[in-house]
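Colleague: Sequence:
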Amino acid sequence: MIYDIPKPEIIGQLTLENIRKIRDWHYEVLKDATREERSAFYKEGVEHFYKGYPMPKTIRPGED
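Heads up, the sequence shown is in this note's numbering, so the first residue is 9 and it goes up one at a time.
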């Protein structure tokens, strides 16, 4: 199933190495997913975004 793969641990700032972990996790999660599973996965992410959860400070553009 799509949620059997544990999410990668991202500690500290968003580095190239951490981005690669996220990218690899997305690939593993979605490589064998059906169209319905992919749709549900992305819909859940969009709902999370629209609920107004703030982005982590390390990746907000224009802030130090």
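Worth double-checking, as some hints may not be accurate.
[What the hints assert, rightly or not] DSBU-like mimics (lysine-lysine), calculated; alpha carbons at most 35 angstroms apart, straight line:
| hint | residue 1 | residue 2 |
| --- | --- | --- |
| 1 | Lys15 | Lys29 |
| 2 | Lys29 | Lys59 |
| 3 | Lys39 | Lys15 |
| 4 | Lys39 | Lys51 |
| 5 | Lys59 | Lys39 |
| 6 | Lys15 | Lys51 |
| 7 | Lys39 | Lys29 |
| 8 | Lys15 | Lys59 |
| 9 | Lys51 | Lys29 |
[Stated by the list, open to error] Each pair of labels, with its calculated beta carbon distance range:
| hint | residue 1 | residue 2 | range |
| --- | --- | --- | --- |
| 10 | Thr23 | Arg43 | 17 to 27 angstroms |
| 11 | Lys59 | His34 | 28 to 38 angstroms |
| 12 | Glu44 | Thr23 | 14 to 24 angstroms |
| 13 | Ile19 | Arg43 | 27 to 37 angstroms |
Hint data in this document are derived by calculation from the structure and do not stem from the laboratory.
Using N, Cα and C, we set each Cβ at its ideal position, and we do this for glycine too.
Colleague: Work down the list of hints and note, for each, if the structure agrees.
Modeller: Going through the hints against the structure:
Our distance criterion of 35 angstroms between C-alpha atoms is met by Lys15 and Lys29, whose separation comes to about 9 angstroms. A distance of roughly 25 angstroms separates the Cα atoms of Lys29 and Lys59; the hinted pair therefore holds under the 35 angstroms criterion. With a CA separation close to 15 angstroms, the supplied pair Lys39 and Lys15 stays within the 35 angstroms bound. Taking the CA atoms of Lys39 and Lys51, the gap is about 17 angstroms. The hint holds against a cut of 35 angstroms.
For the proposed pair Lys59 and Lys39, the alpha carbon gap of about 27 angstroms is at most 35 angstroms, so the pair holds. Between Lys15 and Lys51, the direct Cα distance comes to roughly 18 angstroms. Compliance with the 35 angstroms bound is thereby established for this hinted pair. Proximity of Lys39 to Lys29 is assessed by CA-CA distance (about 15 angstroms); at most 35 angstroms being required, the pair is judged to hold. The straight-line distance between the Cα atoms of Lys15 and Lys59 is roughly 21 angstroms, inside the 35 angstroms bound, and the hint therefore holds.
Of the supplied pair hints, the one linking Lys51 and Lys29 holds, its CA atoms being roughly 21 angstroms apart against a limit of 35 angstroms. Taking 17 to 27 angstroms as the suggested C-beta distance range, the pair Thr23 and Arg43 does not conform, at roughly 33 angstroms. Here the CB-CB span from Lys59 to His34 is close to 21 angstroms, at odds with the stated 28 to 38 angstroms. Between Glu44 and Thr23 the C-beta distance comes to about 34 angstroms, which lies outside the given range of 14 to 24 angstroms.
One distance hint, 27 to 37 angstroms for the beta-carbon pair Ile19 and Arg43, holds here, with the actual separation near 34 angstroms.
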